[in-house]
Amino acid sequence: MKKMLFSLMCLLPALVAAANVITVDCVDPAADFDRIQDAIDAASDGDTIVVKPCTYNENIRFKGRAVMLTSKDPYTQSVVETTIITGTGYAVSFDFGEGSGSIITGLTITGRGIYCNGASPTFTRNIIRQCTNNAITGANGAAPFISSNTITSNSPAGIYNCHGQISDNTINNNGNNGALYECSGNIIGNEISNNVSNGHGGAMYLCGGAITGNVITNNTAATNGGAIFMGNGAVTGNLIVGNRSGSLGG
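In this text, residue positions in the sequence shown follow the numbering used here: the first is 1187, and each later residue adds one.
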């Protein structure tokens, strides 16, 4: 009996650690699901949901699940560009207090972008483009970890009211409120270029944290601060070139 109990105890961590891989494909009936939301609803914490290239017209919610939502290859640009989530509302919402274990990687997000309400998920290696809202909108202390994404051609802002680390992203051609608006986490190693604000701060407005190692070029603001305006961040070691504003130089 003792040997049996010992064996069961040794096996338990492996059973607890077991996780499923769930596939989604909107055209292949061999996949587990044809809709991403159905896959999320069926998933448990620790599962991975692999989304095959297709355009998914959905407004998905993670509903508190600590799962990874990924394309079949987040490191291949052509795969990321053709694995698309869009919709009439927010393409993806996090409003159940999700943490860093709720992950989106290797997808293209359009529609109204991503919404985080009091949540801190992880976004990495995505393309977030041409959203009819901010690419990523935060509320109630949202602190997502945002790394190695391409955030382009969204309006009014690229990233709004997010307070987690923002690192190693390409953030360009966003407006009318510029690239980063009211973001207080560390802002490190990003390429921030050609963003436009109709007010203050073409690249950053009211941002805090450590602002370091960024390349901040050719951003414009109609009023003040073509590059950075206000905020309490420590600005060190950045390349800041060619930014313009209505009444003040970059």
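By construction, these hints were calculated from the structure, which means they are not laboratory data.
A portion of the hints provided could be inaccurate.
Stated by the list, open to error - Calculated cross-link-like contacts (lysine to aspartate or glutamate; reagent style EDC-like; alpha-carbon spacing at most 16 Å):
#1 K1238 to D1259
#2 K1238 to D1214
#3 K1249 to D1233
#4 K1249 to D1281
#5 K1238 to D1211
Claimed, not checked - The following label-pair restraints were derived from C-beta to C-beta distances:
#6 V1207 to Q1263: 21 to 31 Å
#7 A1228 to G1275: 16 to 26 Å
#8 A1325 to N1384: 21 to 31 Å
No residue lacks a Cβ here, since even glycine has one placed at the ideal position from N, Cα and C.
Next item on the list: Sort out which numbered hints this structure fails and list those numbers smallest first.
Entry: Those not satisfied: there are none.
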